[in-house]
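Asks: Listed in order, the protein sequences are those of chains Z and S. FYI, in my numbering the residues of the first sequence are 1 to 779. FYI, in my numbering the residues of the second sequence are 1001 to 1779.
Don't take each hint at face value.
To be verified - Here are the simulated lysine-lysine pairs, BS3-like style, with alpha carbons at most 25 Å apart:
(1) 1235(S) - 477(Z)
(2) 417(Z) - 1253(S)
(3) 235(Z) - 1242(S)
(4) 1253(S) - 70(Z)
(5) 1232(S) - 417(Z)
(6) 253(Z) - 1477(S)
(7) 1521(S) - 1587(S)
(8) 253(Z) - 1547(S)
(9) 257(Z) - 1070(S)
(10) 235(Z) - 1477(S)
(11) 1242(S) - 70(Z)
(12) 1070(S) - 253(Z)
(13) 1257(S) - 477(Z)
(14) 257(Z) - 1417(S)
(15) 417(Z) - 1235(S)
(16) 1257(S) - 70(Z)
(17) 1417(S) - 232(Z)
(18) 587(Z) - 768(Z)
(19) 1739(S) - 1728(S)
(20) 735(Z) - 768(Z)
(21) 1318(S) - 1704(S)
(22) 1417(S) - 253(Z)
(23) 1477(S) - 257(Z)
(24) 547(Z) - 1253(S)
(25) 1253(S) - 477(Z)
(26) 1257(S) - 417(Z)
(27) 728(Z) - 716(Z)
(28) 175(Z) - 232(Z)
(29) 242(Z) - 1070(S)
(30) 1719(S) - 1760(S)
It should be emphasised that the hints constitute simulated quantities derived from the structure, not laboratory data.
2 protein chains.
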Amino acid sequence: MINVRKLIFCLTIAGSLTNTLSAQVTNVERVNPIIGTNGMGHTFPGACVPFGLVQLSPDTDTIPHNVDGKYQARVYEYCAGYQHKDSTIVGFSHTHFSGTGHSDLGDILIMPTTGELRLNPGTMTDPDHGYRSRFSHDTEISRPGYYEVMLADYGVKAQLTATKRAGVHKYTYPKETNQRILLDLIHGIYNYDGKVLWASIRVENDTLLTGYRITNGWARTNYTYFAVSFSKPIKNYGFEEKGEVKYSGFYRKFDQKHNFPEIGGRRIVAYFDFDPNASADLEIKVALSGVSSAGAVMNLQAETAGKSFDELAVAANKDWSDALALIDAKGTDDQLAMLYTSLYHTMINPSIYTDVDGQYRGVDQNIHQAKDFTNYTVFSVWDTYRSLHPLFNIINRQVNTDIVNSMMKHGEQSVHKALPVWSHMANENWCMIGYHSVSVLADAIAKGLPINKKEALKAMVNSSTIPYYEGTGEYMKLGYVPIERSGSSASLTLEYAYDDWTIYKTAQSAGNTETAATYKKRANSFKNIFDTKLGIARPRYTNGEWKENFDVMSTHGQGFIEGNALNYSLYVPHDVNSLIELTGGDKVFVNRLDSLFDMHLPDEFFAHTEDVTKEGLLGGYVHGNEPSHHVAFLYAWTSAPWKTQYWQREIMNRMYKNNIDGLCGNDDCGQMSAWYILSAMGFYPVCPGTNQYVLGAPYLPYMKVQLENGNSLTIKADKVSDKNRYVKAVKLNGKPYTKGYITQEDIMNGGILEFTMSSKPNKQRVFKGTDRPYSLSEE
Amino acid sequence: MINVRKLIFCLTIAGSLTNTLSAQVTNVERVNPIIGTNGMGHTFPGACVPFGLVQLSPDTDTIPHNVDGKYQARVYEYCAGYQHKDSTIVGFSHTHFSGTGHSDLGDILIMPTTGELRLNPGTMTDPDHGYRSRFSHDTEISRPGYYEVMLADYGVKAQLTATKRAGVHKYTYPKETNQRILLDLIHGIYNYDGKVLWASIRVENDTLLTGYRITNGWARTNYTYFAVSFSKPIKNYGFEEKGEVKYSGFYRKFDQKHNFPEIGGRRIVAYFDFDPNASADLEIKVALSGVSSAGAVMNLQAETAGKSFDELAVAANKDWSDALALIDAKGTDDQLAMLYTSLYHTMINPSIYTDVDGQYRGVDQNIHQAKDFTNYTVFSVWDTYRSLHPLFNIINRQVNTDIVNSMMKHGEQSVHKALPVWSHMANENWCMIGYHSVSVLADAIAKGLPINKKEALKAMVNSSTIPYYEGTGEYMKLGYVPIERSGSSASLTLEYAYDDWTIYKTAQSAGNTETAATYKKRANSFKNIFDTKLGIARPRYTNGEWKENFDVMSTHGQGFIEGNALNYSLYVPHDVNSLIELTGGDKVFVNRLDSLFDMHLPDEFFAHTEDVTKEGLLGGYVHGNEPSHHVAFLYAWTSAPWKTQYWQREIMNRMYKNNIDGLCGNDDCGQMSAWYILSAMGFYPVCPGTNQYVLGAPYLPYMKVQLENGNSLTIKADKVSDKNRYVKAVKLNGKPYTKGYITQEDIMNGGILEFTMSSKPNKQRVFKGTDRPYSLSEE
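Chain Z with its partners taken away, still in its complex shape (with noise of 0.2 Å):
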C-alpha cells in the first residue's frame, strides 16, 4: 500500500496526474498535508486521526519564544514545529496546532537514536553536537494519519500514525547498533527557560512509563499526562536535570540517574537503551490526558490494546477515508488536492480534549465529568466563527454540537464567566478580540443545532457584560470603545457589533424580548465609529472626536488590529445595507470593493504584516488574514453581484497552491481552509447567525456533499472554468433560482443545486427585496 500510495504522491506533488486517473485516487491519497508547510500557512506533516486529542509530527527545530527576557521573532516560523527548508528533524512530539498565528505544545518529544549519548537537541546549523538528525524530503511520506522519514544520521525509519488519543510510533534501527530512545521533556514549541514548571516519568515496568509535565506558557497551566507502552522490555535507562536542582530532599539516598523509576525535575530528558538483538524494530505507543497519568493509561488500553502499528495505521486510515468521503468532487488533480487537503485541515483543530470515560480538565482547572457530550479545545474563534464552525454546520453538525457544549462549559467553568476567546488544552489565552464564540452559539442555534437556548443566550449576555474585559465596558457606556482604551478600538466595536447582534437574534429565538431589545441597539453601535464624511469606520476619543492624524491604509496604530481601516470598514456582516449608506451608497460602495481589489501597492507595504505572504495580497485586499474573508461576497447587495464570482475565483486561484507555499497565511485550525471549501461550493456565510449562505460562483464542475440527515446536496457546474467563472442562472432541483443566498434549509433537504456559467457576466442578476441577503436594517 505504502508504495503505490509514494507514487501517487509523487505524481500529485508534480501535479501531473491526469483526470483519467481520479476514479482510482481516494479521497484520502488526495490528501497533500504538506500543503502549508512552508512559510506561513503553519501547518504541519505529521499523523493524527479526525479531531485528535494527539499530532505527532516532526519538529524540525526550537527556536525559543525569548532568551534572556529578548523576544526572537524567528520563533513565529515553528507555530507548528516544522518549516519544510529545514534539513535536520530534533524528534517527533505529540501535540500541534495546525495553522495558528501564535503557538504553544510540542509536549512530549520521543527521538530514537544510536551511537553515544547525546541528550541535547544541538543546532540547526551544528546537528553533529546534539540528538538531532538530518533527513531528505525525499524519504519522506506524509499522508493522513501517517507519516514517514529516514533518520539519516542513525539509519533509523521512522514511521508514525495516530489514533484519537495516542501517537504511535514504530521505529526500525540499522543492524550491529545499539537502540535508544530519547524522551525529552525540556523540548517544546514557543518554548523558553523556565516553560516547564515540572516534569515526572515514572518506569511502572519495563514496557510502560507514565508521567506528566505542566508547562507555562501561552497556556498559562497545561497539563500533559502521557502513558507510554513499548513493543520490548527496557534494558537501561536514565536521565539528566538540565534545570538547577535547588532542593533535593533526601534523594541523595538512590542513584537517582540510572534505572531509579521515579524520575521528576523541572528540566528532564531521558533515555532507554532496548535489546536489539531481539528485534530489529520498536513500536511504541504514547497516549495522552488532561486529567491524569491513570487516564493517560486508560486511554492507551481503550484505543491501542492488542494492536500492532501497521493495524492502528490501517485504522487511521480508515478515520480520515470516512471523514473525507463527506465531499465527493471533480477537478484537477491540483484542484482536488487543495480541496481534500483543506476538508483535511478542517478536521484538525478543535480537538477532543476528553479522556475515554468522559472526564476532562475544565478551564477552572477541576476535572469534570462530560454529560451527553465530548468535550473540544483549541478555540481559535476570532478566525474560526467566520467559516470553519458555519462549515461544520453542514458538513460535521454532531462535531459541532459538541463544540458548541464545550464552549459553554467553558463559559461555566471560567472565572469571568466568559465564553472562549482562544483557548486551548483549558486555558483561555486570550488572544485577538471580541467575543465571537456567541456567533458559534447563535450560528449553530440558527442552523437548527440541538442548543439549550436559554442556556446559551445567558452565556452569551455573561460574556458581552464583562466590564474589564478589552474596551466592553466603555463600549456598555458610550457605544463605541475609546482609542485611549484600546489600540484595537475600531476593529472592537464593529466585530462587537456583531457579536451583539447574534446575542439579538439568539434571545428572539429563545423569546427573550427585553434582551432582544438591548442587543438589537447595541448590534448597531457600528454606526457610532462610521466617519459619513470619509464614508470610513474611524477611531474616537472618550470625549467623542475623532482620531487625529489618521490613516486609512496603515495597519499600525490606527484603532484596528490585522487589518487596515479600508479593509475593516467593511465589517458590518448583519448590516451590509447601512454599511453601503454610511460609505455613500451602493456606487461609491461599488467602487471601494473593486478599488480594494484592484489597487496596487508597494511590495514593501505589508513587509511587517508577519503572518501574511505577499501572495495574501489582491490589490489592498488581504486574505491571509481573517477580517476580509466575507468582503468578495458584499457584492451581492449591490448592483454588480458577478464581481463577487470574478474575485472569488482570482483569490481561490492565486492565494491556494498544492505546494509546500500553497497558504497565503496561516490556516488558523481550518479557516482559510474552511473558507476554501465554501467558496468552492459556490456560497459562503457571510453572516453566521442568519441561516443565509450568499451565493457566489462554484469552483469545480461537481461537488456532492453528505449530509448526516442522509441528504446530499449537489452542486453542478458543468462547463465552470476560469475563463467561465461568471454565473448565468442557477437551478435549485430544477426550479429556477433567483435569491442572492441559499439557506440551510435549502441544503439540509438535499438536491441539487446547478449552476450555468458562462465567460460574461450575468449583470440583469441583481437581488432585490427579499432576494437581497439579510441586513439588520431592513427587519
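Go by the hints and put chain S onto chain Z.
Replies: This is chain S only, laid out in the frame that chain Z set:
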C-alpha cells in the same frame, strides 16, 4: 469562656495550680500547646482538631532553606514555623508538621493588615518595612483548637480555630482604619526561591476565592488547593508577582493587577480590602484539599457552611474534649499538663488527607476514591513505629486501621511498591532509614486490627526487597549492609533485621511458611554485624572485614545515624536474649546499660547534633532521638528489672517539662509524646509486632484508659512518687501478676492494673521463663 480559660491558662503556665482545683479543670484546659515551641521541640501553638488536615498557626519567621544554593542552618529552628523567642508574626499559615526534624508546608499564609499596602514580609530585625507585626506573648492564648494574639503593629486581634479540613480566622480591626487581608502564596516553611512551581487564585465572587499552589520542597510536588470565604464582600483587590514573568501570553489586554479575578504566577502575594464601616471584624474560612479546588469548596461547605467563628471554636473544643477523654488521670498540674499535652501532640500527625467525599491524591499523583477507609498522610515512620502506632493500637484503633490502610494504598500506588518511609501530602521524601511501615502493619495485625493479612504481607515483602533501596540489595546478598554502600550501614542492618522479624511474624500469622522461613533468617542478620570481641555492633566492609578506626562514642562516620555505636548496639528489640549473649552475658549487659545512663560526657559532646538539646541526654543515653527509646526497658530481660523503674522516671522528670523548652528534642509527630504516655502507664512496647508491653513503673497514682471496645483499663499506683518509684508487686484485676509484661489482650479486656510502690527496689522481682518478655531465640 475565654476569660475563665485565660485565667486558668496563666495559672497552669505558672505551675501553681493546686491539686484541689483539678476537678474543675477539663482535660482540654490541661493542654499547654506552648510546650516545645522554643528550641528543638518544633511544636506549634496554633489551632487544629484531632488528626485534621489543617493546622492553622502563626509563623514567626521564614528563614529560607537555602539562599543562592547555600544551606541556611537556622531554617532548622523553623520546622513548625514558630519559635517562642521571636517577637514578630509574619502571618497565619494553614499547614504545619508537629515536631518534625526536617520540614515543609506553611501553605496559604493569611495576614490582616491596615495602613499602607506592604506586600513583602519584612525581616525580624526590620519589621516596619514589611507586613509582619510585632506581638507580645501576654496577648497570646493557645489551647487545643484555638489560638489568639494581638498584632501590635496593627491593633488587630487575631483569633484562629479549625475544623478537620478548614482553618477559621476572625480578625477584629481597630476603629477608623482600613481593613486588609494579605494572601501570601510565596510564604512557606523550608522555603527557597523557586519552591513554588505555580500558584493560582480565582476570585469566584465577592466573598469566595479558590486556588492552589504547587511546591517542590521536601515533598517533591505538593498540590495544595484551597477555598476561602469571607464574612463580608471584598471591596477591592489586587496582587503583585514578585517572580519574573517571562511569558505573559495575551494578558496584556487586561489590567491584571487590580480587580482581575484570575490571578496566577510563580511568586504572588494578593491583597483584599474590606469595608471598615460594615463591621469591625472579618471572619475567614479557608478549606484545603489535596485533590482540587472543587474539593476544597466541597470541604468548605461540608464543614463550615452557616457556622460562625464562635460556633466552630466551640466545636473544635468539643472535638478535643472527646479525644482527650480517652485518658483520665490524677497528678500534679505540671504532670497533667505534660500528660494531656502529650496526648494532644499524638493526635495532630498523621493527618487526614481525604476530601469529605473520600477522594484523595495518591503518591502516584492520581486521584483515588477511598473505599471503606479514610486516607491519612504525614508518616514519620522511623520515629512513630516505636510508640505512636502501638499507642494508637490501644486508644485510637480505628484511626490506626485507617492509617495502615492508607500505608498499604501508598504501597500499591508507589512505583517502587514501597510502603511509606517518610511520606507526606502524596509524596515520599525518603527521610531516615529502614522500611518500618512493616512494623506498623505487623503490630496492627498482632494487636487484632482488621487488616487484610495477605495484602499486608505482600506489601511488606515488596518494601523489603527493593534492590536499589538504601543497601537492601547488598543486605539480601551479604546478610548486612556494607559500609561502602551507606554511611548508616550498621544502623541499617540492625533496623532491617528487626523489620524482617515483623515480616516473619506476619507471614507466620498469614500461614505463609515459606516467606516466614525466609524472613526468620533475615531477622537474625543483626548477628552478622556484632563484633563479639567488643560486644558491640560494628560496621563491616563488603569483604567481611570489620570497619577500622572504629569509635563507639562518635555519632559521625561510624556507620550509625542519629545515635552512636553504644546506643545502637542495644537495638535488637526482637531478640534481647541474643543481644545479651552477644554483648557478653547478663552481667556485662546490665553494666553496659548502667554505664550508658551513668557516664559523664563533656558538655560539648553533642554540640553538633542539631536536633537534641543538652537536656536530652542522660549520661550517654539520648532521649531526644529515637533509637534508644526502648533502652530503659531492656532491664526486664536481665537480673535487674528494677533499674527500668529508676531510669524511666528519671527520663520523664528530666526530659519532659511544662514550659516552652519542655521537649528535649523534636516531638517527631508525637513519638516523644507517645513514649511519655505509655511510660506513664507503666509499660512500653519494646518490640512492636509482639502483643507484649514490657512493664516498668507507672508515673502517676491513677490513670484510666478508655478503650474503643467499651472496656477501660485503670492503672493504680497509690503512693507513687519520685521517692516511691519502685514496684514492689503487681496485681491484675486483683490477682498477683508476675510477668515482666502485659499483653494486648490484658489491656483490651480492661480492668485494674495495680502497682504497689516502694521506696526500695524489689530485687527479687526478676522475670524468668515465660514471665520474661519475648525473644526470637526462645521460640
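Asks: Checking against the hints above, which ones are violated?
Replies: As far as the earlier hints go, 3 and 7 are violated by this structure, in ascending order.
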